[in-house]
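K.L.:
Each chain, written out:
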Amino acid sequence: MDVGFSQSKYERQAPELKKNKKSKYTKDKKLNANLKKLDSQYRDAVKSAENTDILLQEDAGFLEAEGMEKTFKFRQSEIRDSVDVSTANKNFELKLDQFGPYTLDYSRNGRDLLIGGKKGHIASIDWRSGNLDCELHLNETVNAVKYLHNDQYFAVAQKKYTFIYDKTGVELHRLKQHIEATNLEFLPYHFLLATSGNTGFLKYHDVSTGVLVSELRTKLGPTLSMRQNPWNGVMHLGHGNGTVTLWSPSMPTPLVKIQASRGPIRSLAVNRDGRYMVVAGADKTLKIWDIRNFKELESYYTPTPASSLDISDTGLVSVGWGPHVTIWKDLFKNSRQSAPYMNHLIAGSRIQTTRFVPFEDFLGCGHSNGVQSLIIPGAGEANFDALEVNPFETAKQRQQSEVRSLLNKLSPDMISLDPNVIGTVDKRKPQVRLTAKELSTITHNGEKSQTEKEDDLKLKIRPQVKGKNSALRRHLRKKTQNIVDQRKLRIEANLRKEKEMRKSNYDKEHGIPEKKDVLGPALARFT
Amino acid sequence: MAAKGNKTSRTKSKRRALDAFQLAEKAENRKKQQASDYASDEENDNFNSKKGILNAKKLMGNGHKGKEESGSESEFEDEEIDSDEALGSDDDYDVLDSRFSQTIRDKQKAKKRGEHISEDESDGEQSYDEGELMTLAEIWDLDDKEKAKKSSTQEKGFNKTNNDLVLDDDYGSEKSDSDESSEEEQDDEDEDDDDEDDEDDEEEVEEDDPFSEVSDNDDFQLKTVVDSLKDKSATKREKKRLVNLETEENFYNLPTNGKKLSLADMMAAVNSADSEKAILIDKEDSDNNKPLAVPLAQRIKQRHERKAGYEIQKEEVNKWQDTVKQNRRAEVLRFPMNPPVEHNEVSTFVPSKESVSELENKVNSVLEESALADTQKEATFEEIATAKLSSEELRKRQNELRLMRELMFREERRAKRIKKIKSKSYHKIKKKEILKNKELVEEDGSDDEEHDYKRAKERMSLKYKNRSNWAKSMIKSGMSKDAENREEMEEMLRQGERLKAKIMGRDENEDDEDSYNLSDLEKEKDGDLAEQQILRSKLGKGVMAMDFMKNAHEKERKENQIYLKELREFEANGGIDLEDFEKPANSINLEKSEGRRVYEPSANGKKQAVNKADEEFLKEIKIDESKSLANKLSTGKSNRSNGKLLSDKNEQNINNVDEHKEVSSNPWLTVDSGSKQKSKKIAIVDKNSNKLDKSQNKISKNKKRSATEADNEDTIIDMSETLHFVDAFCDPNDEKETEEDGSKIHMFKQKNLIKEAFAGDDVIKEFEAEKNQVIEDEGDKEVDLTLPGWGDWAGGNEKKKKRKIVKKIDGIIQKDKRKDKNMKNVIINEKVNKKNIKYQANGVPYPFETMEQYERSLRMPIGQEWTTREVHQKLTMPRIVAKHGTVIDPLKAPLT
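Read top to bottom, the protein sequences are chains A and B. Per the UniProt record's numbering, residue 1 is the first one in the first sequence, and the count goes up by one each step. Per the UniProt record's numbering, residue 1 is the first one in the second sequence, and the count goes up by one each step.
Simulated from the structure, these hints should not be mistaken for laboratory data. A hint or two may mislead.
Stated by the list, open to error - According to the in silico footprint, chain A covers these stretches of chain B (three or more CB under 8 Å from chain A): (1) 841-849; (2) 881-893.
Unchecked claim - Listed below are the simulated PhoX-like cross-link pairs for lysine-lysine, each with C-alpha atoms no more than 25 Å apart in a straight line: (3) B:Lys325 to A:Lys36; (4) B:Lys765 to A:Lys295; (5) A:Lys30 to B:Lys325; (6) B:Lys698 to A:Lys37; (7) B:Lys420 to B:Lys430; (8) A:Lys429 to B:Lys817; (9) A:Lys427 to B:Lys819; (10) B:Lys808 to A:Lys429; (11) A:Lys429 to B:Lys424; (12) B:Lys815 to A:Lys429; (13) B:Lys874 to A:Lys36; (14) A:Lys427 to B:Lys834; (15) B:Lys698 to A:Lys70.
What the hints assert, rightly or not - Derived contacts from chain A toward chain B, CB cut-off under 7 Å, selection only: (16) Tyr10; (17) Arg12; (18) Thr52; (19) Asn241; (20) Gly242; (21) Thr253; (22) Gln259; (23) Arg262; (24) Phe294; (25) Asp426; (26) Arg433.
In this text, all values refer to a predicted model and were calculated from it rather than measured experimentally. Cβ coordinates follow ideal geometry from the N, Cα and C atoms, glycine included.
Can you make the complete structure from the sequences, with help from the hints?
P.N.:
So this is what it looks like as structure tokens:
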């Protein structure tokens, strides 16, 4: 970075270049000019991006206590009384004590809510307006539910298979390969549905093409929890022995293995920018990991093992433990927090899932007796990028964005710990690197080369055909073409006749009427 | 020979043969005469003759042409003749020539090739018509006249014979009247055949003359009627005579225009004025008779020329260089390069008079009906009020504006100049002036608030103290001896004094008059008395003269006097009663005589503060007392140097205070507080105290306890790191007490439970083992390749093998280069993800030299999702933008 250029959030990482005395990067004049041009362009881009900051006028406001008040003492009823009507309306509770405990999921733009009761109750709701899109009773255990790229489709991990339904509740697909899944995740930029569960396999399924991209064997027993890292698309799996493994579909072994707790991992969550991971273990620990340096930052202790974790866009962490939901603020800041931000008790129930609503100050809580939506001031991202995810999108916009995202779909191979590595130069030694030829074979692994194709043809068993080489033909083919002798004439005439006969036979077979002499017998001989 | 010919029978073929021969001969002559100009014609001729077969049509065509031309060119003033005409004329000539040639031929034949000549040749002559022959005599007569007119004529005409042959076809028609008409024809021809003579070479003609006449006459007699007729038609055609005046100069023929060139003429030209213009005449011949330098070799000359040409071209091309360079470097080239600027004309703002559409008409009519239409027109540029002003008014206005602008500008300049002045004194004076002015203004309407604000500001800026950083540094560095600095410091102190006076309650006005003292007051008072008496006397018997008023006055005066006396005493004592301040405030109660007792350690602090303030005040007074600046400074210095001492003193003071307290009579007024407990509040918590206190107390207790606990045990799970979950829905007051007691046991139980729960699986150890395994697997390996028994001696007495073949196999990564080398509880996979590699470059792409440069270039995304629209458009702009349908002019060189 150049001196005198203040750091801003729009800066991008780049390797530093050394300038020589004359403030030149290289001796090459043209290259130097190009590099300088790039620099200036970059600077302009950052500056103009900074200037757009004035458009981001919304700011996330948090609860603030005065005097002796503590924010965690505010009850939902108190908050509801003091907020505007529209917000208060969104603070609802669904009492569904028959099919609980409930798990839930929000669509990417936060408009729709999908709830799944363990005993087979599925419902997709436009939760702000309260319109029910569909409601299903599957009469089968439901382990997890997940919206795909938009609210039009959702996946349900049922007792044995995973199914995909559309918005109206029609079963579209039964994913045979995904057996006994208990966790579902969807990578929106790669269009990959990831499942894991009792089988100990992590499976990636491309929902745009319907191809199973990869099956990865964890070798660590049933997977207890799974979340994606939204920054790089790496999947984090929590296992029974207290390890968290990080997976990419292109690697058969985990990218990283972390011993996060002594007991089984009950739940985990990764924050939006992929820096922090919160892990709750059955040993009642709640640990915060820096997953870029792989260092444990902080360890907290929960009175009972936490059952559900989630991190909001603004960095609030919700912890569901027993009947309690606790929301923590500034957990990722350096200082250790001593008191939670908010607190909520759902008496007589057990929290199953907590999920923050994207772009809203709400937290959805699925518990054994229904679903509840809690007001959590400051939880939602105030300034959304409508080109990315639009909470107010129309049907047309949704369709267009679907097409656009399909066109921009990323390959599953691109998932790696550091997504910025794409496009850069392979940092290994040149002799270790793949040559261009090898690379091309990798990139065109599906296509075979010409010689290979030929080889394949040779190997193929073909039906025997009568040889086309006969004495007659050989005679005709001889180089003495200009010589016209009796034999040749005879042969030619015979061959012609044969051909005609064959043709007439063919015509007869296929019912084509025989062509009669157009000229009549008298004139036909002249032809 | 001619006689012979006459006698022999004449067949056409023979005649033709003769003609051919004649022609050949003629050609010979021509060759001699006229260099090789008419080679083509010759060839033609030869061709014809060789063939022996004649293309009648072609010849007819020629003849026709001849006819046509004869009409048009009856007079021969033309000097320019085209080829056809020339041919025509040639015909004529040929006819003549053939006639004359008879004699010539005779001679020639005799001389050269007598034996070759066939008899037929002479027969051929019979074909020539008499008319022509007849005319000759006259032609000769004409010759001399016309010679003068016409310089020279050309002769072409090998086709003449051909013509003649063509004409043979017409024999039948013409020969009959040839006899009768021959005379007339001759006449006609005389007129027309002006150029015939010209065609002839003069010498030749002259030579031939006498013979030809004779022979022709003979011929004439022998002619048949048909022949004559034929010839007649031929002659008719030959009416046209072409004169080619533009004869080229050749060896035989020099165009003279009728004049003769004499030597005298030539000599005259040399000495005339014309000679000066002539290049070839060497004028300097007489002066410098040097020979000319040998010209450079052609090759070298050309090289020089090329070089010079290159230089010129280079210069020309260089004119473009800057432009080209600029264009090459430009990010975007827009065509046309410099589009003409289009200005909005005034007329664009003028609304069109007539309404355009029907709708508009309708709207207008409706508006008018409803009286909503604005009758006044919109102000256009022309109709704005200013535009209506007369020119004088306008000028006046402009002048005013100009004046204003000028004044403003001057003021601005002045302000700038003043701002630039660096002199501090100037600015000081200036500032004072401004302040004074401001004060003058403010005196009328200054309000208290502002006043207060000002005072506060003054206090804030501690300019009047010599303890400011600046002053300190000045004194320290001995800069105070500098006159200017000293002045400034004095000024500072003066201000300080002034302010202090203000604090003491004196008015600012009084402050200004320092000399105003008590004596003045007395004087004033006396003056007042006198005045009053005078006044009173003046008043006579008014209210003031009344007794009660007098009494009141008297009373007032007395009071004043008492006050004055007091002041006198004060002055005599030397100012303020310092004793009050010197006495340390032994108890806060002295200050706060009323109100409640405070059982707070803060009381002690307050006391200290009061004492400190007192002390400071004393110090200041002392400094004030020392009259001179030097004294002041020295005291200031001492103060500073003794800063620490002073503070020590303060502490002592405090101690003293404490002692004092003990000594003091009222034991309740003092609080027995050790120096240790100074900051600690004495918090007494009883049933009446509020909840907050209680809870705080509890928390602190807990803290202490937990801290001790944490110290005690080496725990697997650190229990001290407990998040204290406060249940919002339970009343903390009720529960806490009970929980507090039981919590310790409770926690202990849980810890044990957890230990028990995970007793079996020692996951950490397992993990460590796994990590070690991975490190080993992925690290470099050494393989012993020595074959057992190979190279060993058999039998006992085994010796250790010296040479061991050990091969090192590179693993994925060495142990000490692992990323997770220093990480606890983490295994990072070091294997290369081969599927990811295809998204990486396997080398630095061309224009870049290093990896860093390349990766730096990738830093900025171009897509509109990641950049602003403006930047996106700028980055994706095509290099060349050409406006459709515009003419793109070629590059223009800059003016040089």
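K.L.:
Now tell me if each hint is right for this structure.
P.N.:
For each hint, the structure was consulted:
no. : hint                 : in the structure
1   : 841-849              : holds (count 7)
2   : 881-893              : violated (count 0)
3   : B:Lys325 to A:Lys36  : 18 Å, holds
4   : B:Lys765 to A:Lys295 : 19 Å, holds
5   : A:Lys30 to B:Lys325  : 13 Å, holds
6   : B:Lys698 to A:Lys37  : 65 Å, violated
7   : B:Lys420 to B:Lys430 : 13 Å, holds
8   : A:Lys429 to B:Lys817 : 15 Å, holds
9   : A:Lys427 to B:Lys819 : 15 Å, holds
10  : B:Lys808 to A:Lys429 : 19 Å, holds
11  : A:Lys429 to B:Lys424 : 68 Å, violated
12  : B:Lys815 to A:Lys429 : 18 Å, holds
13  : B:Lys874 to A:Lys36  : 16 Å, holds
14  : A:Lys427 to B:Lys834 : 13 Å, holds
15  : B:Lys698 to A:Lys70  : 17 Å, holds
16  : Tyr10                : 9 Å, violated
17  : Arg12                : 5 Å, holds
18  : Thr52                : 6 Å, holds
19  : Asn241               : 5 Å, holds
20  : Gly242               : 5 Å, holds
21  : Thr253               : 6 Å, holds
22  : Gln259               : 4 Å, holds
23  : Arg262               : 5 Å, holds
24  : Phe294               : 4 Å, holds
25  : Asp426               : 4 Å, holds
26  : Arg433               : 5 Å, holds
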